[in-house]
Amino acid sequence: MKTFKLLSFLFLIGLIGITSCKDDDDTDPVDPVDPNLFTYEEATWSEDEFITQLTVDPNGKTFCFGAGTFIFTNTIPLADISGLTLKGAGREATIFDFSNSTSTSGEGIAAIDSDNLVFCNFTVKNTNGGNGITARNIKGIRFNEVGVEWPASSEDNGTYGIYPVESDDVIVENCYAQAAIDAGIYSGQNKRVILRNNRMTLNVFGMEVENNIDAEVYGNEFFENTAGLLVYDLAGVERIKSGERTKIYNNTFTNNNQTNFAELGSTFAADVPPGIGMLFSATSYIEITNNTFVDNESVSLLGVAYFLVDQNYNPLDDLEFTFNNFAVNIHDNTYTKGGGVYNQAGVLDRPAGPLIEIVRNQNGGESPHIMLDDQDYSAAGSPFVAADPVINEPSNPDFIWANFAEAGSGVVTFTSTDENDFNTGDGYVNEGFELVDTPDECN
Amino acid sequence: MLPALFIKAHNLRMMTGKYWIVFTMLLIISMGCEKEDNPPIEPVETHLAIDLAQVPFANLSDYGFFKNDIKTLTPAIGVNPYTLSATAFSDYASKERFVYLPEGTVMEYENDFAVLDFPVGTIIIKNFLFYVDERDTSLGRTIIETRLLVRKEDKWKPYSYKWNDAQTDATRLIVGSTVAASTILMNGETKEIPAYVIPREIDCRTCHNLNEKMSPIGPKPSNLNRGFVSNPSVNQLGHWAGNGILSGMSNNITTIPDYHDETLDPVIRGKAYLDSNCAYCHRQGGTANANGLYINWDHQGTDINAGIYKIPTNFNAPNLQYDIVPGNPDESIMLYRMTQTTTPAIMPQLGRSVNHDLGIEIIRNYILNLE
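Those sequence lines, one after another, are chains A and B.
Throughout the first sequence, residue numbering follows this note's numbering, covering 240 to 682 in sequence.
Throughout the second sequence, residue numbering follows this note's numbering, covering 139 to 509 in sequence.
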């Protein structure tokens with residue numbers, strides 16, 4: 240019986256191998272050698288052989304890994320490549336293990352200046368402090384069924400899991416990210432981005448959408464992170480100074496109350512208290528709809544001006560940078576709370592925590608579902624007047640519209656607690672977009 | 139006579155074109171000499187000619203860059219030595235740089251801060267070596283590796299060669315390696331480098347990258363505008379222009395100073411160090427373009443782009459917030475990362491496994507003197 244099980248298992252593994260690394264249409268029993276296909280198996284794995292093949296000519300090639308664990312001692316660099324597929328036998332079947340990597344960047348994969356890259360069906364594990372997968376300046380990139388993981392929450396983990404930046408036509412789908420000290424999945428300074436059907440857990444932020452133009456975030460599951468989703472713009476970058484047109488819909492944000500495990504430091508993520516479903520700041524044209532917020536016990540949805548990100552930032556430094564949230568439309572989401580535990584110790588441990596505590600104290604000990612900064616920082620010298628958001632929430636969530644300018648001194652002035660004050664007609668409706676350089680499917 | 143020729147005989151199969159003809163001619167001359175028993179005639183040395191289609195060769199000696207004893211790095215005709223004003227730190231390795239130009243080709247000046255426009259067929263040759271004692275070079279040295287940047291028809295390509303222990307040749311090494319090295323610095327201090335890294339060829343482009351293309355970094359007019367090491371009173375650019383291998387030169391070139399000069403203004407000194415040690419990535423069009431930190435000498439930007447009160451995009455520095463807090467080096471992430479030797483804090487990320495004491499001092503004084 241045991242033998243039979245073993246044989247079935249081996250047969251199954253064999254099948255996975257065949258479907259992952261051979262051309263399905265190829266029925267010829269004597270396989271001609273495909274010059275564009277390189278295959279690797281755990282038993283015969285040679286990193287030097289793989290790197291040599293990548294060095295000689297990676298263009299148009301498929302690098303296909305069987306089931307098993309592949310040990311890497313250094314980053315996988317990809318540059319100047321037109322068309323490359325890196326794939327495994329399944330997200331949980333093929334592991335790229337960087338535990339013993341001596342890479343000084345600490346990254347697992349680092350791609351740059353390429354087009355039409357496909358990563359699918361493998362997991363990058365345990366990179367030493369660097370991102371799992373960085374992809375800079377790529378025209379057309381798809382991540383499908385890719386995992387990036389560290390085993391548990393630790394301040395020594397990598398900064399980001401999947402990190403496409405300065406790229407066009409980006410798809411991240413069906414991916415899994417666990418225990419990044421900043422965001423599990425990140426999209427920065429990209430144009431035309433689809434982030435869908437991913438699952439993120441135990442990260443500080445599940446996902447971060449930073450300085451993007453045209454992004455759709457949907458079908459994702461944010462589960463037990465410190466905070467679920469961050470959509471914001473960071474000052475001081477060049478390619479896209481102010482992001483705009485982001486649609487966030489059909490996502491679930493569940494029990495994101497984990498203590499922030501990043502060392503206190505320079506990233507915004509390190510400042511963030513636990514218990515937040517979604518946070519947005521300094522972003523424009525954003526539609527948030529049909530999302531489900533469950534038991535994010537500090538606040539389900541929080542919108543703040545850039546002062547909360549960087550209190551020393553001079554809003555006159557760069558007039559192209561949109562300092563306030565602008566054209567925000569929040570409608571038809573559902574909110575529940577109380578099924579989780581408000582993480583007070585974790586909240587007070589972080590620089591932005593007092594804001595949560597003050598608001599709760601002034602709100603009868605209750606966390607609100609929606610809390611928005613009125614963005615009036617005239618007292619702090621900002622000449623900018625913020626536009627009010629449009630809110631249309633039939634579920635009637637607990638709502639606070641307040642001035643956060645004096646939060647550092649322990650004062651938060653509530654202006655309104657009725658979201659109907661902001662139900663002012665047509666809000667910004669995202670029309671969607673079409674990809675230009677459509678990244679390949681994984682095949 | 140014959141033994142001298144014989145040194146190159148093992149490269150016969152690699153030789154093509156003009157090089158092969160020269161060799162044959164020399165062989166004929168030498169045979170003639172012996173028959174008639176005349177005093178040896180020194181062969182007329184001709185310009186090195188490398189067939190680009192054959193590059194990369196398996197061994198460094200196959201190129202013929204260096205004559206006589208290869209480890210003396212004595213250049214053949216057509217292989218031009220040069221040095222840079224502000225250099226990149228590479229774990230205390232000394233460097234000897236050369237550029238091979240095909241006969242009759244010319245480098246073109248573009249502007250002070252752009253690397254020269256090199257003709258197709260150019261090979262930039264950088265040798266990484268450690269002196270036993272920098273104060274007395276006669277005590278010997280070990281050449282670790284030689285890196286080549288080859289200007290092919292369409293793009294630059296990198297090739298890497300690791301020297302053998304006997305220092306008789308170097309062999310191509312695609313996948314990199316680590317070696318232990320040590321040296322005694324000019325100040326008498328001994329530096330041990332337990333794991334000097336020979337990068338993988340595939341890593342070269344991480345630093346050698348500008349505007350989506352592989353590119354040389356050092357040989358730009360502002361960094362070449364100085365005397366030769368062997369003859370400091372002769373300006374490198376002037377010499378090349380005079381020899382007809384450099385054209386279009388400007389008469390008034392901005393020079394990035396040598397940061398070893400202790401008499402320099404601390405901010406100028408810091409900028410020179412940042413330009414040669416950080417800005418190959420941290421400039422517009424560099425590998426770190428997305429970070430928005432642009433610290434090349436010629437960047438004219440806002441304070442935030444220079445790092446002043448700038449939050450890094452991709453690094454959580456413990457208990458620090460900004461790249462540079464003017465006047466306060468110990469609160470500046472820039473200095474913090476220069477003092478680290480482990481991932482991910484270490485910066486630069488390639489070419490350094492130990493701290494550069496002088497660089498740390500220079501940047502400390504730079505930040506201290508910023509307002």
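I should point out that these hints are in silico values taken from the structure, not numbers from a laboratory.
Heads up, some of the hints might be wrong.
Below 30 Å or equal to it, Euclidean Cα-Cα: the simulated DSBU-like pairs (lysine-lysine) are [what the hints assert, rightly or not]:
1) B:329 <-> B:293
2) A:480 <-> B:351
3) B:295 <-> B:351
4) B:205 <-> B:290
5) B:329 <-> A:300
6) B:264 <-> A:378
7) B:351 <-> A:300
8) B:264 <-> B:293
9) B:300 <-> B:329
10) A:300 <-> B:290
11) B:295 <-> B:205
12) B:351 <-> B:233
13) B:300 <-> B:205
14) B:290 <-> B:233
15) B:205 <-> A:300
16) B:209 <-> B:290
17) B:233 <-> B:293
18) B:264 <-> B:300
19) B:329 <-> B:290
20) B:209 <-> B:300
21) B:329 <-> B:209
22) B:264 <-> B:209
23) A:378 <-> A:300
24) B:264 <-> B:205
25) A:364 <-> A:300
26) A:378 <-> B:295
27) B:233 <-> A:300
28) B:290 <-> A:378
29) B:205 <-> B:233
30) A:378 <-> B:351
Each hint tested on the structure:
no.: 1; hint: B:329 <-> B:293; result: violated (37 Å)
no.: 2; hint: A:480 <-> B:351; result: holds (24 Å)
no.: 3; hint: B:295 <-> B:351; result: holds (10 Å)
no.: 4; hint: B:205 <-> B:290; result: holds (24 Å)
no.: 5; hint: B:329 <-> A:300; result: violated (44 Å)
no.: 6; hint: B:264 <-> A:378; result: violated (33 Å)
no.: 7; hint: B:351 <-> A:300; result: holds (21 Å)
no.: 8; hint: B:264 <-> B:293; result: holds (18 Å)
no.: 9; hint: B:300 <-> B:329; result: holds (21 Å)
no.: 10; hint: A:300 <-> B:290; result: holds (22 Å)
no.: 11; hint: B:295 <-> B:205; result: holds (24 Å)
no.: 12; hint: B:351 <-> B:233; result: holds (24 Å)
no.: 13; hint: B:300 <-> B:205; result: holds (18 Å)
no.: 14; hint: B:290 <-> B:233; result: holds (24 Å)
no.: 15; hint: B:205 <-> A:300; result: violated (41 Å)
no.: 16; hint: B:209 <-> B:290; result: holds (26 Å)
no.: 17; hint: B:233 <-> B:293; result: holds (24 Å)
no.: 18; hint: B:264 <-> B:300; result: holds (12 Å)
no.: 19; hint: B:329 <-> B:290; result: violated (38 Å)
no.: 20; hint: B:209 <-> B:300; result: holds (12 Å)
no.: 21; hint: B:329 <-> B:209; result: holds (23 Å)
no.: 22; hint: B:264 <-> B:209; result: holds (13 Å)
no.: 23; hint: A:378 <-> A:300; result: holds (17 Å)
no.: 24; hint: B:264 <-> B:205; result: holds (16 Å)
no.: 25; hint: A:364 <-> A:300; result: holds (24 Å)
no.: 26; hint: A:378 <-> B:295; result: holds (22 Å)
no.: 27; hint: B:233 <-> A:300; result: violated (37 Å)
no.: 28; hint: B:290 <-> A:378; result: holds (25 Å)
no.: 29; hint: B:205 <-> B:233; result: holds (18 Å)
no.: 30; hint: A:378 <-> B:351; result: holds (15 Å)
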